[in-house]
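S.K.: Residue numbers (this note's numbering), protein chains in the order written: chain R, 912 to 1367; chain A, 1389 to 2016; chain D, 887 to 992; chain L, 14 to 491.
FYI, nobody ran anything at the bench for these hints, they're computed from the structure.
Careful, some of the hints might be misleading.
DSSO-like cross-link-like pairs, simulated, lysine-lysine; straight-line CA separation at most 30 Å [what the hints assert, rightly or not]: (1) A/Lys-1590 <-> A/Lys-1447; (2) L/Lys-431 <-> R/Lys-1260; (3) L/Lys-431 <-> A/Lys-1413.
What you are looking at is a predicted structure, and each value in this text was computed from that prediction instead of being measured.
Okay, here's what each chain looks like letter by letter:
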Amino acid sequence: MNTLIAISGLGVFCLIAEIFNLRKLLVPVAVLGLVAILGLTVSEFHTPNTFYNNMIVVDKFSVAFSSLFIVLTIFLVALSGDFYKDHPSKLSDFLAIKIFLLAGAVAMVSFGNLSMFFLGIEVLSISLYVLAASRRLDIKSNEAGMKYFLLGSFASGIILFGICLIYGATGYFDIAEIKDLSSGAGIPVWFPIGITLMIIGMLFKIAAAPFHFWAPDVYEGSPTMTTATMSTLVKVVAMATLYKVLSGMTTSLTLTFEMVIVVISILSMTVGNIMALRQNNVKRMLAFSGISHAGFMLMAILSLSTAAGTLLYYTAAYALAGIASFAVIIYVTRNKDNEDTLNFNGLGKTHPLLAAVLTASLLSMAGIPIFAGFFAKFMLFSQTIQAGYLVVVIAGVVNSIISIGYYFKLILAMYTKEAAEEKQAVPFVYYFVAVTAILLNILMGLYPSLVINLLN
Amino acid sequence: METNLALLLLLSPFVGFLFNVFFGKKVSRTVSGAIGTLTVIVSFLLSICFFAQLNQNGKPFEISLFDWISVHNFKLDFGILLDQLSLLWLLFVTGIGSLIHLYSISYMHDDENMHKFFAYLNLFVFFMITLVVGNNLLVMFIGWEGVGLCSYLLIGFWYKNQDYNDAAKKAFIMNRVGDLGFLIGMFVIAALFSTLNYTELKTAIGHGGANAVMLGLAALCLFIGATGKSAQLPLYTWLPDAMAGPTPVSALIHAATMVTAGIFMVTRMNFLFDLTPEIQNIIAVVGALTALIAASIGLLQNDIKKVLAYSTVSQLGLMFLALGFGAYNVAVFHVITHAFFKACLFLGSGSVIHGLHGEQDMRNMGGLRKAMPITFWTMMISTLAIAGIFPFAGFWSKDEILMVAFEHNKVLYVIASIASIMTAFYMFRLMYLTFFREFRGTEEQKHHLHESPSLITIPLIVLAILAVIGGAINLPGSAWLNHFLEPILAAKHEEHALGTHEFMLMGIALAGAIVGILWANAKYIKQGFVPKADAEITGFNKTIYNKYYVDELYTFLIVNPINGLANFFRTTLEPALGKVVYSLGTAANGLATQGKKLQNGNIGLYLFAFVIGVCAIITYLFITHIAQ
Amino acid sequence: MNNILNEIGIENYIFLSVLLFCIGVFGVLYRRNAIIVFMSIEIMLNAVNLLFVAFSTYHQDAEGQVFVFFSMAVAAAEVAVGLAILVSVFRNLGSIDIDNLKNLKG
Amino acid sequence: MDVTTILLLLLMGSIATFLAGDKLASKVALLFSLGALGLSLYLLNSLNQGANISFTGSWIDYPKVALAFKADGLAMAMVLLTTALTPLIILSSLGNPFNNSKNFYALVLFMSFAMTGTFLAADGLLYYIFWELALIPIYFIALIWGNGDAEDRKKAVLKFFIYTLGGSLFMLIAFAYLYSKAGSFLLEDLYKLDLSATEECWIFLAFFLAYAIKIPIIPFHTWQAKVYQKAPTVGTMLLSGIMLKMGLYSVIRWQLPIAPHAAKEYMPILIGLSIAGVIYGSIVALRQKDLKKLLAYSSLAHVGLIAAGCYTLTQDGLSGAVAQMIAHGFVIVGLFFAAEIIYRRYETRTIADMGGIRSLTPKFTSMFMILVLASVALPGTYNFVGEFTVLYSLSQANIWYAVLGGTTIILGAYYMLKMFQNVMLGETNAKAFADVTTTEAITLVAIIAFLLFFGLYPKPITDLVAPSIKEILTIINN
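Just chain R, same shape as in the assembly (with noise of 0.2 Å):
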């Protein structure tokens, strides 16, 4: 709770500095303060708590999923300072709008009450429709907006209306009630027709098939900082409340559901693999890449008791890689007009080390071994085998295969195309925000310990 509160008020603080004209500090004032809330967050680890007749609840997967939310916005946050300085005017408020992103996506982790729930998701969903659209003159910018806008508000009337369903079933919006009511019998038959719009609105947003058209386009149309946003934050949130969700209001999936998700998950793994292959934009690749990854991440809803170790290091995994890359593609591209895979040609020679980042965070991605990208794999394999579901697997490993393909299409560009420009000197932050998230994700590689225990 202190979290929710203390990340709005640094929200409106970042909108008042911009009055007593203190841009230079901004930056740097988020990013303490952020850590400051981290720390408090994680303070509130051991003593699970609730709010306001459990309109907020505290526990360790709420506490654990909002300090990685917090870390990725420090990271996040740290970037904007460069990415933005062309129109500092515009830096508070975009400052301002992150950060009211992060209390929605705190929002969305701690919700006891599913009006708590609507409303952090639509904090987000609106603070993201406006990040993709902030480059007002570019038209690409405006129809990623408008696109996402559009599909966006649809999924929430669909939510929405699923919210209305499980009131009108059970009578409450608190979740527990509501989960001690769902297996009660004599439930009506809208009760899980309100889940499944519920499930499918959150599928929308972690753009799962088929509800992941907009992701390649959005993401490509977007500023590559808020594209870095929604493929790291925004898709985890996503990912961590649709688990609470399914968790917190049900006792156990019926099979049907557990087969609606496995194709999703495989259709998901596939299409995006697939259609990776021949990008050649390294946003849309991304995009796709994440569509697979929200594909894997579903296998966690298999074995909805005791997967939400696994995926808090999956999700972990996954966005600190994203971020490692994401920090290298936004120096790269930062003065180009497109994200062609040639502005990467040549990277290992001109800038080793970013090469190198960029390599080790695609490689975590794909899978390969002292990365956490590995271990995050492969404990979701594990667990979806002894849950039963060994298609699932073997589709997955088939899907890790394809994948890469196309990971190392931009290394072979980085390492055996010749550079098109010589080096110019990077702005430390870049290394600072590529290499931490690199380390962190190499660590959680060498000790998985650290972040699975948090939550078994």
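Given the coordinates of chain R, work out where chains A, D and L should sit on it, guided by the hints.
M.R.: Same frame as chain R, now just chains A, D and L:
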């Protein structure tokens, strides 16, 4: 003490090898040659010592040096066994070896790589000794492959000529075919008796009870090995080509010693072969046929060394004939006498070639009797010996073989006799064309005609003497050799009481030889016939002259198909297999291109897909819900 | 007090709002003018709001009605942002036909 | 003092090399690799004195993964193979200059670290991790420092990476499944597991896919020749000398004991495939125009024989296979180095462009000759010991296996001698050919000495591996 001596006997040539490899280039050619020769002489002397000792106490000397290979059911040690058989072989291997080394000092003196030559020669002697003295089949196999290697190195000694290299390669590979047989044979034996040590094997097989079929298989495989090394059908074709090597090599390796390894091995394993009569029959038949075919090819060859090569093959055939009848001692007898006169013949031909500066075609020789008398007389003696004229060495040994053949199988006897008549013919043909009538070479060759230096002639003389008296070691009646070999041979070989039909057979053999000689005489002395140029040879002669086209046949049946297959694999199958893997990738890419069409940027479509998804899921849930 | 639902019955409300919702969905799918699409989405949301109220009466508690205020507020905010985006699209493209937004694809 | 020290040393070596900078890189790398060799020899000694040099520590408690390194005779033999070849390979590479060599040598050491780990790991997941780790460095070595047309190379290397990774991912599934059964990845726990017939068969196949691609057994070999050809010779040596042996070693250590019944059931097919590989490889090698490709196919043939030996599931088969692994490791490195020596002088790998070198370079010729003879398993070389034992075990299983497998000694002699003749013999080559330099000579002599010594006295190695093989066989047979 004995152990050290034995080791010295074994390693002395190896030392020579090492010396010539590392310092041969530094010292003068004569020195390197001398060292090479001395090391072999040392082994020779040591063999004599051991021989003498054996004659005194009569018990073989066996030691195991160290454990070598061990597999689950037995251990193989690296051991030495000096018994009657191995010592006999040692004596003439090292003895003739020393002579030929001596010969080579002068023969190879003008070759820049003389030290290499001696290195290889020493290495060969070393491996040959290993082959002979090993106390189990696997050690023999080391020597077996080792001598093969040396023959490869020496045939291809003039490595700048790719034809020679091809000949060398051919020799090695054909030997390898045999070696595979040898290996399999060893495997079978090891599986049956879980040992490869001769003495243990002898007792083990003596107990009997082993599966006859497996025994037969083992014997057959070993014999295949022998056909490779000893140039029998169907693997004999490498030996004539092996004449590409320097003449001393042909004398030492491809006439006197290495090619007799097969006979050595069969004699070693006589206790095995005695139990497998079918295989013995095969051996006999193969031997006889080889003798006949090789002899018939020899009739028309014009290259002096080729003639000798084919005569070697046919003589080896006769030896195998004897082996086939279980007359191992007879075979050994012929091996020894053959070693004497064939070595002499080769060295003689070498001396001729030396005299004519590398000319090998008999059509360009003739009338050398005056120019090089020693060479002539020594060669003449050996020729008489090989033709089987009384009382030269060859007479006794060959006659024994024929007698044995006569006892066991009349058909083979006839074949063998025909072969030896042919032998007499082509050997005298060789003599006449080379030494009689007038010289047919170029003028400036005629000028330089001269007798070879003494280093060449001395070995000739020694060998000639041996070719005369060599028969003494196993004269009917005394038959020292038979008694000497008795401990080795499992089955007792019955004595020939010199009865009437023995004498009759001797007479027939002698008569046959003389027929052959007269025939040659009539053709090449009386008519003065000189073989035609290759182009003019026609009809069946042509077939014979081209060795019945056996090489061409092998090329057509085996070599070409393999190469064709190789080409097919390389150019077709490999890429195809590669494509299979790639095709998966291309398929995925194809899907992607289709997918891109679906992702057409139309919001309406996206929304539609969304709604479809929702409906699909809801309906599915409903259907299943109702189904429950 | 006699509850109006006892006369009409909750299911009719549900049917009505589902109907409205579907009309909204159809509008979103069918129309190409961005404004109209917005409106259709609003119809969807309001259909839900109606249902909320109905349910809250049915369950005899106010939470549902409170929630309606939430959703209205949210919808309002959403539309505000949406319109802002729409304006900038119109400024760049000169039209608000969503079929013209096809630059991002593949 | 346990085996982890070797791993640490190699890892530190890799880092140190990276930090040392391009000037010193090669020397530092050489130093560390020699250190590793010394260390492993010392450990071997203490193992022979009965000390326990294995190491087990906990790493991840969920899922239960332990840092377990089992150093029995077999593992130590392979570790020694790695640590002995690495310095030789580095030594051999001193002749050719690499740009930013610090990365290069760091990768080389890192790879040998990963491979050592693979040989030592006694915990499924740990093993798998090392297994995959070994793939990354070779990928970059081949990609960045490779030769030939870049596009072609990229294709070949990417195919190699995807192909091998694909294979091993199925092994990963197998491990995940085994874990779900055993609740641990520890080798002994997996050995204890008794699986149903169908389970075993699937597990076996999953492993087989991984290993068949790595070894490679036909028809999974298509990546091999091209990668060997394109990779820098150092990479080729690492691949053919050590990495292939990872697959074969894993067959002995993991595949057979975990799924013995399946192994017994499929034995004819497996041996058949392997022997088919022997013949196929030899025949394809006959007509190769590129020296490195020819050697690649020859090594395909040899590993085929080794694999056949492994799948006989007999004492002889396994120990012979191990002997042959080591022997082949050394000889193939030597041969590739010979090819490299020629390349350094003539800038070509096409056999047709060579010939007539012998008269120019007696030393090199003799060494090359000996290597050729070793690779055709002439008695007296260690290769013969291995080949003999393997063929013997095959003949015990079925005489025809031995006959067909034995064709390698004929075909092998054929293509190797043909190659030697076309490369070295014939009319003296017009181009000058400097005889071997000191470092080159040292490398070759070391290899040859090893092969000859153990060819005459293989007992030490045999005795080293025999106990562990017995142990494995007991597990297989009950």
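S.K.: Decide, hint by hint, whether the structure agrees.
M.R.: To see whether the hints hold, each was checked on the structure:
no.	hint	in the structure
1	A/Lys-1590 <-> A/Lys-1447	holds (16 Å)
2	L/Lys-431 <-> R/Lys-1260	violated (43 Å)
3	L/Lys-431 <-> A/Lys-1413	holds (28 Å)
Hint compliance for this structure: hint 2 alone is broken.
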